[in-house]
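Please construct the entire structure, taking both the sequences and the accompanying hints into account.
Chain by chain, the residues:
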Amino acid sequence: MKKPILIIDDEESIRSILAEYLSEQGYRVASVATPSEARKAVKTEVPLLIITDLQLEDSDGLDLVAQLKADLKAVPVILLTGVLFDARVAENLESRSISSYLSKTAPLSRVLAEVRRLIGPA
Amino acid sequence: MRDRAIRRVLLFFVAIGAILAAVALASLWNIDREGESSDWVNHTHAVILELKGVMGALDAADGEAASYAVAADPRFRAACRGSLSDLGEHLALAAALTRNEPSQHSQVLRLQSLAEARADVDRDILRAADRDAAAAIIRANAERGSTAGIRSLADALVGQEIALLEARDRASFVQERRVRLTVWAGAAIDMALLLGVARLIAAYARTRRAAARALEEANAVLETRVRERTADLAAANRRLTEDNIERKWANLALQHQLHYNELIVNSIADLVLVVTKAMNVSRINPAVVRLVGREAEEIINKPLSGVVAIDGDPVGANADPLGPLSRALAEGHELRDTPVLVGDRGGRPVRALLSLYPVRDQDKVVGGVVILRVVQ
Numbered sequence: 001m002k003k004p005i006l007i008i009d010d011e012e013s014i015r016s017i018l019a020e021y022l023s024e025q026g027y028r029v030a031s032v033a034t035p036s037e038a039r040k041a042v043k044t045e046v047p048l049l050i051i052t053d054l055q056l057e058d059s060d061g062l063d064l065v066a067q068l069k070a071d072l073k074a075v076p077v078i079l080l081t082g083v084l085f086d087a088r089v090a091e092n093l094e095s096r097s098i099s100s101y102l103s104k105t106a107p108l109s110r111v112l113a114e115v116r117r118l119i120g121p122a
Numbered sequence: 001m002r003d004r005a006i007r008r009v010l011l012f013f014v015a016i017g018a019i020l021a022a023v024a025l026a027s028l029w030n031i032d033r034e035g036e037s038s039d040w041v042n043h044t045h046a047v048i049l050e051l052k053g054v055m056g057a058l059d060a061a062d063g064e065a066a067s068y069a070v071a072a073d074p075r076f077r078a079a080c081r082g083s084l085s086d087l088g089e090h091l092a093l094a095a096a097l098t099r100n101e102p103s104q105h106s107q108v109l110r111l112q113s114l115a116e117a118r119a120d121v122d123r124d125i126l127r128a129a130d131r132d133a134a135a136a137i138i139r140a141n142a143e144r145g146s147t148a149g150i151r152s153l154a155d156a157l158v159g160q161e162i163a164l165l166e167a168r169d170r171a172s173f174v175q176e177r178r179v180r181l182t183v184w185a186g187a188a189i190d191m192a193l194l195l196g197v198a199r200l201i202a203a204y205a206r207t208r209r210a211a212a213r214a215l216e217e218a219n220a221v222l223e224t225r226v227r228e229r230t231a232d233l234a235a236a237n238r239r240l241t242e243d244n245i246e247r248k249w250a251n252l253a254l255q256h257q258l259h260y261n262e263l264i265v266n267s268i269a270d271l272v273l274v275v276t277k278a279m280n281v282s283r284i285n286p287a288v289v290r291l292v293g294r295e296a297e298e299i300i301n302k303p304l305s306g307v308v309a310i311d312g313d314p315v316g317a318n319a320d321p322l323g324p325l326s327r328a329l330a331e332g333h334e335l336r337d338t339p340v341l342v343g344d345r346g347g348r349p350v351r352a353l354l355s356l357y358p359v360r361d362q363d364k365v366v367g368g369v370v371i372l373r374v375v376q
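Top line first, the protein sequences correspond to chains P and G. Heads up: the first sequence is residues 1 to 122, going by our numbering. Heads up: the second sequence is residues 1 to 376, going by our numbering.
These aren't lab readings, by the way, just hints derived from the structure by calculation. For each residue, glycine too, the CB sits at the ideal point set by N, CA and C. One thing to keep in mind: the hints can contain errors.
[As the list claims (entries may be wrong)] Pairwise CB distance ranges, derived in the manner of DEER restraints:
#1 P:S16 with G:R373: 54 to 64 Å
#2 G:A278 with P:L102: 40 to 50 Å
#3 G:L222 with P:L102: 29 to 39 Å
#4 G:R227 with P:E45: 54 to 64 Å
#5 P:A122 with G:K302: 54 to 64 Å
#6 G:T224 with P:A122: 22 to 32 Å
#7 P:R28 with G:A231: 50 to 60 Å
#8 P:R28 with G:R209: 50 to 60 Å
#9 G:S267 with P:T34: 18 to 28 Å
#10 P:A106 with G:R227: 49 to 59 Å
#11 P:R88 with G:R225: 55 to 65 Å
#12 P:S103 with G:A278: 29 to 39 Å
#13 P:R88 with G:V369: 37 to 47 Å
What follows is the structure in structure tokens.
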């Protein structure tokens with residue numbers, strides 16, 4: 001049984017590359033573009049890990065994480081940050097609502113290492 | 001290898017078959033010969049029997065004729081006639097039995113002639129009118145006492161036949177030994193050939209087993225190599241796929257970086273121009289286009305002096321109107337808040353403060369960033 005991961009990002013290219021890479025590594029990956037799709041997806045299947053963008057088109061990634069974590073307290077979250085770093089990320093990290101954050105410029109191997117650290121190998 | 005072995009086995013079987021056929025032919029030939037020989041022996045014994053019968057019948061007829069001559073008893077006459085009849089039969093049979101043997105046949109005919117002559121005397125005695133006449137016939141044939149000649153001839157014939165029988169026995173013995181030797185020799189050779197075939201088949205089977213084992217081992221090695229190679233290829237393919245995805249991700253990150261850099265530069269309200277060491281404009285932000293009123297293509301790759309002039313010099317009037325800027329860039333130091341004039345979209349000069357920051361790449365000045373802050 002493959003471990004499920006949910007990716008939330010409004011950029012299709014980010015979603016597709018991350019999904020392809022993590023699928024190659026043996027995880028079962030679902031990807032969505034918007035917070036409403038994310039809420040639907042977690043109702044269909046509870047993921048073992050959520051990877052979300054900080055800056056979503058119609059919402060803030062941190063707000064979405066707060067909403068999702070209300071029901072999925074045990075699910076770890078990796079926040080992907082762009083060039084503009086938000087200081088609230090560090091605050092949320094300390095409050096444990098976010099397990100870790102990674103810059104979008106970080107190599108995929110770094111992303112994989114973080115995924116494995118949080119939910120183990122595929 | 002396989003065809004050669006099969007050919008050799010076949011050759012062995014052909015040889016075995018040929019020897020068996022030869023032995024069988026020799027045996028059949030011997031059986032036929034034995035059959036013929038047996039017929040010949042029976043025939044020879046029959047000849048001897050008839051010759052002895054001739055002598056027996058002749059002696060009996062003689063004795064009975066003499067008795068009749070003395071006693072005139074008709075019983076002797078009847079007995080003598082019977083013996084003469086037997087004599088005739090024996091002579092006829094002896095002649096018939098020897099008709100295919102010219103030398104014997106001629107002797108038998110001679111014997112027949114002599115015996116018939118003797119029988120005629122006995123018949124004359126039987127036909128005599130009385131005893132005196134019979135005695136007279138006996139006396140008239142003085143040679144009657146010479147049955148010894150007939151007996152001698154008959155004995156000689158019998159002796160010849162017995163000699164032939166003995167010669168045949170000897171030949172038969174030699175032939176029997178020869179046939180026995182042939183059969184045993186054939187059987188021995190066949191056994192040797194069968195042993196050879198068995199060894200050949202065993203050697204062939206061993207070779208086949210060894211070849212099969214070698215083939216299995218080669219296949220196993222090949223399968224292992226194929227598995228290893230397939231695993232290597234799969235791993236290489238996986239690495240290649242990962243590298244490819246990683247490259248796409250890196251390109252995406254670079255695009256992000258460029259996009260945000262551009263956003264950052266474009267969001268600055270001051271005029272930002274990037275210049276080369278030769279003081280040509282290589283990049284501008286939208287604030288330049290807004291103030292100057294010219295499109296980016298009209299400014300980029302053109303001298304900075306087309307946009308800016310040191311305050312006091314009219315724009316474009318001097319051969320090197322930006323001398324202080326060029327020198328500062330060449331020397332690699334900053335200029336801050338130098339008063340300059342910038343021509344706006346209406347051609348009017350606008351006062352601004354120019355700051356120049358050299359751009360270094362590995363400690364080498366490759367250009368500079370010019371920031372113009374309008375001071376009206």
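Quick rundown of the hints versus the structure:
no.: 1; hint: P:S16 with G:R373: 54 to 64 Å; in the structure: violated (44 Å)
no.: 2; hint: G:A278 with P:L102: 40 to 50 Å; in the structure: holds (42 Å)
no.: 3; hint: G:L222 with P:L102: 29 to 39 Å; in the structure: violated (46 Å)
no.: 4; hint: G:R227 with P:E45: 54 to 64 Å; in the structure: violated (36 Å)
no.: 5; hint: P:A122 with G:K302: 54 to 64 Å; in the structure: holds (57 Å)
no.: 6; hint: G:T224 with P:A122: 22 to 32 Å; in the structure: holds (28 Å)
no.: 7; hint: P:R28 with G:A231: 50 to 60 Å; in the structure: violated (24 Å)
no.: 8; hint: P:R28 with G:R209: 50 to 60 Å; in the structure: holds (52 Å)
no.: 9; hint: G:S267 with P:T34: 18 to 28 Å; in the structure: holds (26 Å)
no.: 10; hint: P:A106 with G:R227: 49 to 59 Å; in the structure: violated (36 Å)
no.: 11; hint: P:R88 with G:R225: 55 to 65 Å; in the structure: holds (57 Å)
no.: 12; hint: P:S103 with G:A278: 29 to 39 Å; in the structure: holds (37 Å)
no.: 13; hint: P:R88 with G:V369: 37 to 47 Å; in the structure: violated (32 Å)
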